[in-house]
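J.: Here are the chains, one letter per residue:
2 protein chains.
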Amino acid sequence: MELPVPVADHGLLDRRAFLTGAIHVAGLVAVGSHAGDLVATAQAAESMTLETPPWMQGPGQPFRGYGQPAKYEEEVKRTFFQPYKDIAPGSGASMTPLHQLQGTITPNGLHFERHHSGVPDIDPAQHALLIHGLVRRPLHFSVEALLRYPTISRICFVECSGNSFFNVAAEPPQKSCGAIHGLVSCSEWTGVSLAVVLEEAGVDPQGKWLVAEGADAAAMNRSIPLVKALDDAMIALYQNGERLRPEQGYPMRLLLPGWEGNTSIKWLRRLTITEGPVYSREETSKYTDLMPDGKARQFTFPMAVKSVITHPSAGMRMQGKGLYEVSGLAWSGAGRVTKVEVSADGGKSWAEAALQAPILPLALTRFRLPWNWDGSPVLLQSRATDEKGNVQTTREQWTAQYSAGNVYHYNAMQTWSVSPAGEIKNVYL
Amino acid sequence: MELPVPVADHGLLDRRAFLTGAIHVAGLVAVGSHAGDLVATAQAAESMTLETPPWMQGPGQPFRGYGQPAKYEEEVKRTFFQPYKDIAPGSGASMTPLHQLQGTITPNGLHFERHHSGVPDIDPAQHALLIHGLVRRPLHFSVEALLRYPTISRICFVECSGNSFFNVAAEPPQKSCGAIHGLVSCSEWTGVSLAVVLEEAGVDPQGKWLVAEGADAAAMNRSIPLVKALDDAMIALYQNGERLRPEQGYPMRLLLPGWEGNTSIKWLRRLTITEGPVYSREETSKYTDLMPDGKARQFTFPMAVKSVITHPSAGMRMQGKGLYEVSGLAWSGAGRVTKVEVSADGGKSWAEAALQAPILPLALTRFRLPWNWDGSPVLLQSRATDEKGNVQTTREQWTAQYSAGNVYHYNAMQTWSVSPAGEIKNVYL
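Residue numbers (the working numbering), protein chains in the order written: chain A, 816 to 1244; chain B, 816 to 1244.
Simulated from the structure, these hints should not be mistaken for lab results.
Possibly wrong hints are sitting among the right ones.
Computed far set for chain A versus chain B, every beta-carbon distance over 10 Å [claimed, not checked]: (1) Thr1089; (2) Phe1114; (3) Lys1163; (4) Asn1221.
List of simulated lysine-lysine pairs, DSS-like, C-alpha gap at most 27 Å [as the list claims (entries may be wrong)]: (5) A:Lys892 x B:Lys900; (6) B:Lys892 x A:Lys886; (7) B:Lys886 x A:Lys900; (8) B:Lys892 x A:Lys1154; (9) A:Lys1203 x A:Lys1154; (10) A:Lys1023 x A:Lys1043; (11) A:Lys892 x B:Lys892; (12) B:Lys900 x B:Lys1023; (13) A:Lys886 x B:Lys990; (14) B:Lys990 x B:Lys886.
Where is the CB? At the ideal position from N, CA and C, for every residue including glycine.
Using the sequences and the hints, build the whole thing.
T.: The structure is reproduced here in structure tokens:
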């Protein structure tokens, strides 16, 4: 069949092509390597209707109180980064397998983890949240008391400010998309507005920051400007409907939408209202951005505009020439994603991708684009723009902004190279 | 402190009261039973800052490839309805514990189940989808082939048409909210547009229906008008980001947003295009609506407008007089929910609840309302209205529409009675 004229080099098609019937999708099979299969299996159609597979020949499994993934999907799991595994097995990170998932919601079992001293086993009956410092009356909330408070919900991403740090290395690491970029996940969070409990405590006029502390063995803490705490911050109690998982801060965590993940303190036990920041370890020796002049930027809270193509991506293999859907995720700490463009020639020409509705502020947004791969070597990239006009940078632009040692706020475009043999690799441009 | 004047009897307050500072929420604690606790624990604030709980005294647990809920939340699970447990342990249903959840997304482990012969253990490498009947060319899709197709995502509810059937009984069952109304759940589904694959097969002009068949031992099937199949139907492959769970149809299911749950055939193996319906068991002897004149309505596909208060609900206990948040879920098979009203006097006076954004068509919508309970006996109800102007019925109105034997499409308002002692029960009005 005849395919529409590409809107960018190497076969990138109009984002509406699958929907308007310009391709009829039949093209996907007809042009792709499945062409032969299609005919063969269609001819076998009658015999298939007579076959009864083994799982139809007797009753299946009974009900379960809490379900689990199919055993055939065992390989869909988080990958670990444990640089000090022998001395501190709970210190490091685990990444969401973005390349094995679809849509925008991350299932709770696969939300990324970042722990500084492992996952504490907190008995909720023994846990409490203290709010003190520059307040009229210090408050002490049992978990039970907080669960009775008025709630709010929002779908938003959490991204570690160190996400994608592997791509800072001189040579592009050959890892999966999730293993490189999977320190970002997206959930529907429900909890108590932080503004509501701060108002109850009565913040003193000189109180301008708060220090949030976790109940893990690292007593992880960060200084947060009060203006954010009073804006859209939440004490999260539920994630995708159910109570938080232990690795996500059970029984309660702070949630600062769009900001560096580690400011959303997990296992939250204390909020101290202060005049200024306390310059803790995680905002001085760590989580600061080394600049070319040797200085470091502190308190660079919002995460930048960013995107990554998840399908196809490194480690996958193209199934021959033909039609594919390019699909990925985009997000920004500044608000809504407004545009994602895809290039197959390393940024020389671009085609605008379709964005899946609803496009929510500070949430992951799925983008998709039809692609007719002609079998030539290509360089796939995606570039996101947000509602504030911020545009994702090239790796060259990003690198020029920082010292070579900086590993935070990496938001450069990812390039996947596709060889004529269909091999997909991580490359730098 | 002074509370705002109620907008409906028995202390229902303006839906914006928590947000505008009209209550300051301090009222929640000051008026409620926690008043004494608050003072006591606030005084103990200093000592708490010095305490180091046991889980802060050593490293926590290491990373896990796939996370699980906290062990303290073991009681958050589906409840079973197995009327033929001894002879058919996989036949029946399991209900989502709506009263233990928050927000609108159902975690995959707690999505309700309805099986007619248990959960088949399907090897995806051995499974295929056949599309045949009145088509130009029959098609046969391996799971792998279908996974390569262009995808769409949408957040929507699935509700069994028998949901809430316990409330048809002459006496109101004393069960939890989830055990009564939990045959409804909501997920982000991702898969392939059914219109796309039907176009590829080429439906003959005389093809007006399709028969969808599952690969369970019941070979569950339903006849679906083609107009719906070509509108918003999907072959779902992913649920909340990850591949479908076995009990939700792994490796693929049909998804017909807003329609009777059992039309969204799980373990989908066959779509036969036909001129008309085949009048299968599940659309003749079952899943038809008995009318007062003894006849039965067939093919009543869309689910009606409905809501239920999840907090507080039967089996919970009020913690004394004072401020509470009334919270629940609303949905409609006709589109968006536009209004939810709450009554505390059995429907004599109503207050409009706040609806959590984004309000998505054919998805669960969370509603919330502040409530100052004065300790008197009350009758709590919620009433949903959708964008087509459909309004949820009273139980009396609903009952008048059908024969006493009908158990499908129950969408009457739920009434929870609250006694002065704080006991909450299911009652009929």
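J.: A separate judgement is required for each hint: does it hold in the structure or not?
T.: Hint check:
1. Thr1089: The claim holds: Thr1089 of chain A sits with its nearest Cβ about 14 Å from chain B, beyond 10 Å.
2. Phe1114: holds (24 Å)
3. Lys1163: holds (25 Å)
4. Asn1221: Non-interface label stands for Asn1221 of chain A: nearest chain B Cβ at 25 Å, farther than 10 Å.
5. A:Lys892 x B:Lys900: violated (34 Å)
6. B:Lys892 x A:Lys886: Within the cut-off at roughly 21 Å; holds.
7. B:Lys886 x A:Lys900: holds (25 Å)
8. B:Lys892 x A:Lys1154: Violated. Lys892 of chain B to Lys1154 of chain A sits at ~41 Å, over the 27 Å cutoff.
9. A:Lys1203 x A:Lys1154: holds (11 Å)
10. A:Lys1023 x A:Lys1043: Satisfied, since the Cα-Cα distance of roughly 10 Å is no more than 27 Å.
11. A:Lys892 x B:Lys892: Holds - the C-alpha atoms of Lys892 of chain B and Lys892 of chain A are around 23 Å apart, at most 27 Å.
12. B:Lys900 x B:Lys1023: The hint is violated at about 38 Å.
13. A:Lys886 x B:Lys990: Given pair Lys886 of chain A, Lys990 of chain B is violated - Cα atoms ~33 Å apart, limit 27 Å.
14. B:Lys990 x B:Lys886: Satisfied, since the Cα-Cα distance of roughly 24 Å is no more than 27 Å.
Of the numbered hints stated above, those contradicted by the structure are hints 5, 8, 12 and 13, listed in ascending order.
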